[in-house]
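One line per chain: the protein sequences are A and B, in this order.
For the first sequence, position 60 (counting from the first letter as 1) is numbered 60 according to the numbering used here, and the numbering increases by one without interruption.
For the second sequence, position 35 (counting from the first letter as 1) is numbered 35 according to the numbering used here, and the numbering increases by one without interruption.
Don't take every hint at face value.
Unchecked claim - Computed beta-carbon distance windows for the label pairs: (1) B:E126 to A:F59: 22 to 32 angstroms; (2) A:T48 to B:K33: 35 to 45 angstroms; (3) B:A65 to A:N42: 18 to 28 angstroms.
Honestly, the hints are just simulated from the structure, not real lab data.
It should be emphasised that the depicted structure is a prediction, and the values quoted were computed from it without experimental measurement.
Ideal Cβ placement from N, Cα and C applies to all residues, glycine included.
These are the residues of each chain, in order.
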Amino acid sequence: MIFLTRRATFSASHYYWNEAWTAEENERVFGRCANRNGHGHNYTLEVTVAGEPDAVTGFVVDLKWLKDVMEREVLADFDHRHLNLEVQEFAEGRLNPTSENIAIVAWNRLEPVVDGAGGARLSCVRVYETPEIFAEYRGES
Amino acid sequence: MKAYFGRRVMLSASHRLHSEALSAEENRAAYGKCNNPYGHGHNYVVEVLVGGAVDPETGMVVNLAVLDEAIRKRVLERFDHMNLNVDPLFLKQAPTTENLCREVFGLLKDGLPAGELECVRMEETENNFFEYYGN
Numbered sequence: 001m002i003f004l005t006r007r008a009t010f011s012a013s014h015y016y017w018n019e020a021w022t023a024e025e026n027e028r029v030f031g032r033c034a035n036r037n038g039h040g041h042n043y044t045l046e047v048t049v050a051g052e053p054d055a056v057t058g059f060v061v062d063l064k065w066l067k068d069v070m071e072r073e074v075l076a077d078f079d080h081r082h083l084n085l086e087v088q089e090f091a092e093g094r095l096n097p098t099s100e101n102i103a104i105v106a107w108n109r110l111e112p113v114v115d116g117a118g119g120a121r122l123s124c125v126r127v128y129e130t131p132e133i134f135a136e137y138r139g140e141s
Numbered sequence: 001m002k003a004y005f006g007r008r009v010m011l012s013a014s015h016r017l018h019s020e021a022l023s024a025e026e027n028r029a030a031y032g033k034c035n036n037p038y039g040h041g042h043n044y045v046v047e048v049l050v051g052g053a054v055d056p057e058t059g060m061v062v063n064l065a066v067l068d069e070a071i072r073k074r075v076l077e078r079f080d081h082m083n084l085n086v087d088p089l090f091l092k093q094a095p096t097t098e099n100l101c102r103e104v105f106g107l108l109k110d111g112l113p114a115g116e117l118e119c120v121r122m123e124e125t126e127n128n129f130f131e132y133y134g135n
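Same shape as in the complex, but just chain A (with noise of 0.2 angstroms):
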């Protein structure tokens, strides 16, 4: 088993908040991150693929695939966007743009795709907010 990483930024404005609490109390458990006018970052996507080197490429996939299906579902909707606002998955308070989320809605877009594909598997998504935080997740429950 080989595991095959591809890294591509996007820049992002975000804020948090949670609609059910007061002012208040989104205030002290998110700080400056729930300044309601946003902030932003630059993001760096880390998706690892699994699998099988093809027998006769010697690709577990296609690296310029993996570009084309991050750009395609991820980085397009994501990049130079606020998510707040403009992400379907955490537009109107439906979840708050935290890079753990963040990483978790990335994986479910790009689980289907990946997997359907028939060769690799997705194996891990790590999204990086700054260069000393970032969060992933595995696909699990």
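Got chain A sorted already, so can you dock chain B onto it with the hints?
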């Protein structure tokens, strides 16, 4: 839904690799210039990986500010800008980065505000690092 949250922090410390169980020649052979008598230092990067359920109210495995406070109290206050060799944890074992990695895991394991400690990764330089998963 289980996810993982990772935090990287830097700590600067000095150490000297030396074992009382070895002769001067054996220490020199085992540790090379890391055995120089007056020690040397590194900017270590500690990467703490916490696994746990994503809280549906916050969207978080663990609150970063609270995790930072635990790392500061339990690890940075103890080791940052210190000489590792004089810490009680390294009186009976050499302060190699393997041992530092394992000791940091032990110091953090029961002190997390949420989730379970999955892994401590200790980077000694940009070119070498160690990971401990608690087993």
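How the hints compare with the structure:
{"no.": "1", "hint": "B:E126 to A:F59: 22 to 32 angstroms", "in the structure": "29 angstroms, holds"}
{"no.": "2", "hint": "A:T48 to B:K33: 35 to 45 angstroms", "in the structure": "37 angstroms, holds"}
{"no.": "3", "hint": "B:A65 to A:N42: 18 to 28 angstroms", "in the structure": "21 angstroms, holds"}
Checked against the numbered hints given earlier, the structure satisfies every one of them.
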